[in-house]
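**Q** Chains as they are written, first to last, in the numbering used here: chain A, 1 to 297; chain B, 1 to 226.
Don't read these hints as lab results, they were simulated from the structure. Even glycine gets a Cβ: it sits at the ideal position worked out from N, Cα and C. One thing to keep in mind: the hints can contain errors.
Ranges of calculated distance between the beta carbons of each label pair, as one might list FRET restraints [said to hold, decoys possible]:
1) A:H27 <-> B:N49: 20 to 30 angstroms
2) A:A32 <-> B:E58: 42 to 52 angstroms
3) A:H27 <-> B:D66: 32 to 42 angstroms
4) B:Q164 <-> A:A181: 45 to 55 angstroms
5) B:S131 <-> A:L247: 52 to 62 angstroms
6) B:R197 <-> A:H27: 18 to 28 angstroms
7) A:H27 <-> B:D55: 40 to 50 angstroms
8) B:V149 <-> A:G256: 51 to 61 angstroms
9) B:N49 <-> A:A32: 23 to 33 angstroms
10) B:Q164 <-> A:E206: 21 to 31 angstroms
Which chain A residues stay away from chain B? Per the calculated CB distances, all over 12 angstroms, these [stated by the list, open to error]:
11) I16
12) H27
13) D133
14) Q191
15) L202
16) V203
17) K211
18) I233
19) T239
20) G256
21) A263
22) T292
Only part of the chain B face toward chain A is listed, based on derived beta-carbon distances under 10 angstroms [as the list claims (entries may be wrong)]:
23) F11
24) L12
25) F34
26) S36
27) W38
28) R42
29) K43
30) H44
31) N49
32) Y125
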Amino acid sequence: MSVTALRNSSYSEPRILLAGVLAGLVHLVFIALLIFGLNWKDHPPEGMMVEIWTELPKPIQEPVKTQPPPKQQTKPAPEPLKPKPEPEPPKPESVKPEPAKPAPRQAAVTPPVKKPDITMQQKPEPIKEIKPDLEQQKKKEQERLKELEKQKELEKKKELEKQKELEKQKELAAQRQREQAAKAQREAEAQRAAQQAAARNLVTNEISKYKALILAKIRSRIVMPPDLPGNPIAEFSVTLLPGGDILDVRLTKSSGHAVFDNAVERAIFLSKPLPLPPDPALFHEFRNLNITVHYRE
Amino acid sequence: MSTTVTQDMSFLYLIASASVLVQLVMLVLVLISFFSWWFIFRKHFVIRNEIRKTDDFEDIFWRGVDLNALHQRITSARYDSGSLERIFAAGFGEFNKHAAGSDLDAVMESTRRAMRATYQREMDYLESHLSFLATVGSVSPYIGLLGTVWGIMNSFRSLANVTQATIAHVAPGIAEALIATAMGLFAAIPAVVAYNRYASSTDQLATRFESFMEELSNVLQRRAAG
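In isolation and in its complexed conformation, chain A is listed as follows (with noise of 0.2 angstroms):
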């Protein structure tokens, strides 16, 4: 009895929750140790290409490239000393107004010239009495004082607009700066296209050399059929592998004649490794290359 009852009761295991959580834990710290511990790659590395680089004349063109940018650096370090005796002239300008003090000066001395007005008016005054004098006096001197505020007010317009001009002055040899630097970023960024261009053209000169060189290549194989009527032309499309070897030789446009499309294949196979330029940047010009062997030449 006592035994049944101590057999059920036995299998109360412990902890089986934690037991869980804990088998849980473990798998999550193995998740994040693959997902974060391990470096996965996420670009495969770009095998031997790195290395060529390094070695090709690339770098020597790239010397000249960088050669340039310093001359473009010291042609518009002479142009922004150009601008710098411009702003230099606004200081002259600034030294005008100095000797335009005077000339307020001028302006105060001008009150004495329309004194004798006053003085003509002033003569009539002894005829006249004495109260309407110092009244008139009062009234000049006021009217005095009224001419002096405006000539002020008008030195200090003119202050103002010769301030505006200097100002002006200012911008506009500031646009002059900034036209001039714009003038030098296009002449450098022409020189650069043009640099580019040239690299361009020496690309292109290198691909249409070495396109000739293979044609030459092909053509020094063939075994010519004789006779062929005419100058047929046979067109073949030709996938390389890195190095000059043919992958795949495909005929896109026959000839018209067996013997002529065979005997191109032929040469086309026995001229393997074609000559490539030794920059493998360039090779993706060659990977397909569509050749034309005419007949004649």
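Position chain B relative to chain A; hints supplied.
**A** For chain B alone, kept in the frame of chain A given last:
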């Protein structure tokens, strides 16, 4: 190169782009691994608990407590009893059921039988799930290998359609296939280690239980004779 392989090689992408069978294998392995770890922790707690309780009971028993009182305490507090306590309770209960004048050999025989039955049951309980760990340890590398072989087969088959074969065409497929092997090993290694450890622990417990049974039958025999 027109066919530059710029594939995302992140772990999750590799799993997501694997073939259905490889994904199935991975799922099975994850489940197996989870259950194996669950049982590893469960057995760890159970066996540790059992060893502690056996230590405690042996300590109490050999200190010379009154056996009747001990039996009373165990049967009343049964939910907290360990395996050895239950073996003792079964044996002592069986021994007490017999009348004082009955044949000693027969009494001892039936006592031993009762203890042995409880012992078998307890050992069965302690060793439960250990066979699962052993199975995981031996089988899951093979399951992982199946996924890997399948994945590599697929990646090589796709290689046949490419004219210019590079390692970049095969690498992602092999990497994703090898994840299956990694998972299989991840499930297998702890399972094997835990199985060996728990098997030796239960063996030790079994020998302790057996020697205790012998000693208890001696004690009871002396008690009946004396």
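**Q** Hint by hint, say whether it matches the structure.
**A** Do the hints match the structure? See the list:
Checking the proposed 20 to 30 angstroms range against H27 of chain A and N49 of chain B shows it holds: the Cβ atoms sit about 24 angstroms from each other. Between A32 of chain A and E58 of chain B the beta carbons are some 44 angstroms apart, a value that agrees with the proposed interval 42 to 52 angstroms. Between H27 of chain A and D66 of chain B the CB atoms are about 51 angstroms apart, so this pair departs from the stated range of 32 to 42 angstroms. Under the hint 45 to 55 angstroms, the C-beta atoms of Q164 of chain B and A181 of chain A, about 51 angstroms apart, fit the expected range.
Between S131 of chain B and L247 of chain A the beta carbon distance is about 58 angstroms. The supplied range of 52 to 62 angstroms therefore holds. For R197 of chain B and H27 of chain A, the hinted distance range of 18 to 28 angstroms is satisfied, since their beta carbons lie about 20 angstroms from each other. A C-beta distance of roughly 33 angstroms is found between H27 of chain A and D55 of chain B, which places it outside the suggested range of 40 to 50 angstroms. At roughly 53 angstroms, the beta-carbon separation of V149 of chain B and G256 of chain A lies within the given 51 to 61 angstroms, and the hint holds.
Distance hint check: the CB atoms of N49 of chain B and A32 of chain A are about 31 angstroms apart, consistent with the given range 23 to 33 angstroms. For Q164 of chain B and E206 of chain A, the hinted distance range of 21 to 31 angstroms is satisfied, since their beta carbons lie about 24 angstroms from each other. For I16 of chain A, the shortest C-beta to C-beta distance to chain B comes to about 6 angstroms, within the 12 angstroms cut-off, and the non-interface label is violated. With a cut of 12 angstroms on Cβ distances, H27 of chain A falls inside the contact zone with chain B, its closest approach being about 6 angstroms.
Listed as outside the interface, D133 of chain A is consistent with that label: its C-beta sits roughly 105 angstroms from the nearest C-beta of chain B, beyond the 12 angstroms cut-off. A cut-off of 12 angstroms between C-beta atoms confirms that Q191 of chain A is not in contact with chain B; the least separation is 32 angstroms. No beta-carbon of chain B is positioned within 12 angstroms of the beta-carbon of L202 of chain A; the least distance is around 22 angstroms. At the 12 angstroms boundary, the C-beta of V203 of chain A stays outside the reach of chain B, the nearest C-beta of that chain being 17 angstroms off.
With a least CB separation of 19 angstroms from chain B, K211 of chain A remains clear of the 12 angstroms interface cut-off, as annotated. The beta carbon of I233 of chain A sits about 27 angstroms from the closest Cβ of chain B, which is more than 12 angstroms, so the claim that it is off the interface holds. The claim that T239 of chain A is not at the interface with chain B is violated, since a C-beta of that chain comes within 12 angstroms of its own (minimum 8 angstroms). For G256 of chain A, the condition that its CB be more than 12 angstroms from all CB atoms of chain B holds, with the nearest at approximately 29 angstroms.
The beta carbon of A263 of chain A is kept farther than 12 angstroms from every beta carbon of chain B, the shortest such distance being approximately 26 angstroms. The Cβ of T292 of chain A sits about 23 angstroms from the closest Cβ of chain B, beyond the 12 angstroms cut-off, so the non-interface label holds. Contact between F11 of chain B and chain A, as hinted, is supported at the beta carbon level, the nearest pair being about 5 angstroms apart and thus within 10 angstroms. Residue-level restraint check for L12 of chain B holds (minimum Cβ-Cβ distance to chain A is 7 angstroms; threshold 10 angstroms).
Evaluation of the F34 of chain B hint against chain A yields a held restraint, the C-beta minimum of about 6 angstroms falling below 10 angstroms. At about 8 angstroms, the closest approach between the beta carbon of S36 of chain B and any beta carbon in chain A falls short of 10 angstroms, and the interface hint on this residue holds. A cut of 10 angstroms between beta carbons decides the hint on W38 of chain B: the least distance to chain A is about 4 angstroms, and the hint holds. Because the closest C-beta pair between R42 of chain B and chain A is about 4 angstroms apart, less than 10 angstroms, the hint holds.
With its C-beta approaching chain A no nearer than about 9 angstroms, K43 of chain B sits inside the 10 angstroms limit, and its interface hint holds. At a threshold of 10 angstroms, the smallest CB-CB gap from H44 of chain B to chain A is about 8 angstroms, leaving the interface hint in force. The beta carbon of N49 of chain B comes within 5 angstroms of a beta carbon in chain A, closer than 10 angstroms, and the hint placing it at the interface holds. With a cut of 10 angstroms, the hint placing Y125 of chain B at the interface with chain A holds, because the nearest CB-to-CB distance is about 6 angstroms.
Violated hints, in rising order: 3, 7, 11, 12 and 19; the structure is consistent with all others.
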